[in-house]
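With chain S fixed as given, assemble chain C onto it according to the hints.
Residue numbers (our numbering), protein chains in the order written: chain S, 1 to 417; chain C, 1 to 170.
Careful, some of the hints might be misleading.
[To be verified] Below are the BS3-like pairs computed for lysine-lysine, each with C-alpha atoms no more than 27 Å apart in a straight line:
#, chain 1, residue 1, chain 2, residue 2
1, S, Lys13, C, Lys117
2, S, Lys13, C, Lys166
3, S, Lys383, C, Lys117
4, C, Lys4, C, Lys36
5, C, Lys170, S, Lys47
6, S, Lys390, C, Lys36
7, C, Lys4, S, Lys53
8, S, Lys409, S, Lys307
Derived from the structure by calculation, the hints contain no laboratory data.
Bear in mind that the values here come from a model prediction, so they are computed numbers and not experimental data.
Each chain is listed here by its residues.
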Amino acid sequence: MGKTLAEKILSEKSGKDVAPGDLITVPVDFVFGQDGTMPLAIQQMEKELGTRKVFDPQKVGAVCDHASPSPSEQVSNVHIFMRRFARENGIYFFENGDGICHQVVAERFAAPGKIIIGADSHTCTHGALAAFATGMGSTDVGAIMAYGTTWLRVPEAFRFQIDGELPKHVTSKDVFLHIVKEITADGATYMSMEYQGSTVDKMSVESRLVLSNMAIEAGGKVGLCPADEKVRAYLKEHGREGEYRPLAADKDAVYADELFVDASRLEPMVAYPHRVDNVKPVSELAGVPLDQVCIGSCTNGRLEDLKMAAEILKGRKAHRDTRLVVYPASRKVLADAIRLGYIETLVQAGAAVCAPGCGFCIGRTVALGDGEKALSTQNRNFKGRMGNNKAEIYLSNVAVAAASAIYGKITDPREVL
Amino acid sequence: MALKNIRSKVLRVYPPDTNTDEVISGKYKYDELDLKKLAVHAFESIDPTFYADSQKVKDPILVASTNFGCGSSREQAPQVILACGVSCIIAESYARIFYRNGFNIGLPLIECKGISKEARQGDELEVDFSKNEVRNLTTGKVLPMKPIPEFMQQLLEAGGLMPYLKKQHK
Numbered sequence: 001m002g003k004t005l006a007e008k009i010l011s012e013k014s015g016k017d018v019a020p021g022d023l024i025t026v027p028v029d030f031v032f033g034q035d036g037t038m039p040l041a042i043q044q045m046e047k048e049l050g051t052r053k054v055f056d057p058q059k060v061g062a063v064c065d066h067a068s069p070s071p072s073e074q075v076s077n078v079h080i081f082m083r084r085f086a087r088e089n090g091i092y093f094f095e096n097g098d099g100i101c102h103q104v105v106a107e108r109f110a111a112p113g114k115i116i117i118g119a120d121s122h123t124c125t126h127g128a129l130a131a132f133a134t135g136m137g138s139t140d141v142g143a144i145m146a147y148g149t150t151w152l153r154v155p156e157a158f159r160f161q162i163d164g165e166l167p168k169h170v171t172s173k174d175v176f177l178h179i180v181k182e183i184t185a186d187g188a189t190y191m192s193m194e195y196q197g198s199t200v201d202k203m204s205v206e207s208r209l210v211l212s213n214m215a216i217e218a219g220g221k222v223g224l225c226p227a228d229e230k231v232r233a234y235l236k237e238h239g240r241e242g243e244y245r246p247l248a249a250d251k252d253a254v255y256a257d258e259l260f261v262d263a264s265r266l267e268p269m270v271a272y273p274h275r276v277d278n279v280k281p282v283s284e285l286a287g288v289p290l291d292q293v294c295i296g297s298c299t300n301g302r303l304e305d306l307k308m309a310a311e312i313l314k315g316r317k318a319h320r321d322t323r324l325v326v327y328p329a330s331r332k333v334l335a336d337a338i339r340l341g342y343i344e345t346l347v348q349a350g351a352a353v354c355a356p357g358c359g360f361c362i363g364r365t366v367a368l369g370d371g372e373k374a375l376s377t378q379n380r381n382f383k384g385r386m387g388n389n390k391a392e393i394y395l396s397n398v399a400v401a402a403a404s405a406i407y408g409k410i411t412d413p414r415e416v417l
Numbered sequence: 001m002a003l004k005n006i007r008s009k010v011l012r013v014y015p016p017d018t019n020t021d022e023v024i025s026g027k028y029k030y031d032e033l034d035l036k037k038l039a040v041h042a043f044e045s046i047d048p049t050f051y052a053d054s055q056k057v058k059d060p061i062l063v064a065s066t067n068f069g070c071g072s073s074r075e076q077a078p079q080v081i082l083a084c085g086v087s088c089i090i091a092e093s094y095a096r097i098f099y100r101n102g103f104n105i106g107l108p109l110i111e112c113k114g115i116s117k118e119a120r121q122g123d124e125l126e127v128d129f130s131k132n133e134v135r136n137l138t139t140g141k142v143l144p145m146k147p148i149p150e151f152m153q154q155l156l157e158a159g160g161l162m163p164y165l166k167k168q169h170k
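Only chain S is shown next, with the shape it has when bound in the complex:
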């Protein structure tokens, strides 16, 4: 019987022919945490296992991205705790401003067939490179740092067959928002979400990272795309072509569920407060006044996103009543965007361009005020997410966000650009 992509990777890694529901133990190729979750992982390791020594420093990373650059002495002290552990062990350590863990891991470590575990729910991002990547808690990550293995339940798979050409101003973000609207926030709980079809084949790896990043918003354990020549090119661009190999589900794989998406019929979508599956076409929400527009995050803070924002905002200004905040996803993204002139354009348009990190999404920096409304390209609009539970968060793609920044209200880019 044919295998899904998740079954293929897990069979290879566990050394046996696995089926959904099986509990297996697998070696982990890369494990990481961020400043909100890593300190607890270190504490658990120390307190419960009596060790601070990691199993293999080449397979462990720590990233200061969530409260970064540090906004307070308490956070700085948490960063010191993490930094000291990293130096002691000689693991990969990413400082304030190096980037968001998921972008850094995509650039440096993710590759087809690897098992990647992160103490951050959006670790599913790396499925875009056909890695079996999933988020866990701090105790799991502490245990992996000590022993190098983890247990997994082999997931059932949900196939998303996506075909057709995406219309102008419609992106992979809209494909996912459409999917979560259809299947709801727990529609793929415990499942491997496997994205296939001509639309996915045509997408850049950066666009696929969006689909995989948001899998958790439908409850998915992992969000997988096949590894093809685009993945090879992506790895080559990051100096890791040697880590490429083609990987796809078998033609006769068995899926627990399927959804067909006609990409050519999609519109730009917006998720409105306070749930990711509260999704409407942008035209239905157009006109909602905005206090802040945010472009960036681990969902949409990549070079193609900043390029799209710069193209729309070139020679224009953000509305005087609306703050525009930009967080590139990594130092590499920021450096490339500077070199290509996107940052200058965004700054001229009135954007506050911040050091790469998670600032606005979790509200640890650039928090919203009482009663404010924000439109963001991030992945989650839960109450309190941007630092204030009396604020409202809308989610969209980059084109909608950039157009909305210009007009100071939710705007359909197809109407104005």
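Same frame as chain S, now just chain C:
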């Protein structure tokens, strides 16, 4: 070995998709490593008296609807619930990472269809692990629960993932 039955009062019944941002706001977890201090902020944004009320009941039970604990992987969410003294959670269903985190730290998470309709705040419940049922001693209603997988039972008996692994690697 079998898990010991749990008998206590329902502290709260939470709606579908209660997420980890609501359990413990992200704004606290980067500042504070002491889980006992974090616990006073549990459910603060949706339920400001949660912590105070949790201290008035011995080993309270938390009841929830579907997809409890969705969102962030933050383990501080089940940790603060545990630190408030909660003995177990009974929900219709859980988000995956939260489910794993609960067992990892020794907090029993019970899946029981219909519980959010059949239990009210203040009701006394009994979780019977040998019969795999949840009994509402206040109303007399008995609901079947999903048996806890063998492996998760072993985690609970060991007191969580770390003590379990320590034994395995001895």
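Hint by hint, here is what the structure shows:
no., hint, in the structure
1, S:Lys13 with C:Lys117, "violated (43 Å)"
2, S:Lys13 with C:Lys166, "holds (23 Å)"
3, S:Lys383 with C:Lys117, "holds (25 Å)"
4, C:Lys4 with C:Lys36, "holds (25 Å)"
5, C:Lys170 with S:Lys47, "holds (17 Å)"
6, S:Lys390 with C:Lys36, "holds (26 Å)"
7, C:Lys4 with S:Lys53, "violated (35 Å)"
8, S:Lys409 with S:Lys307, "holds (21 Å)"
Of the numbered hints listed earlier, those contradicted by the structure are 1, 7.
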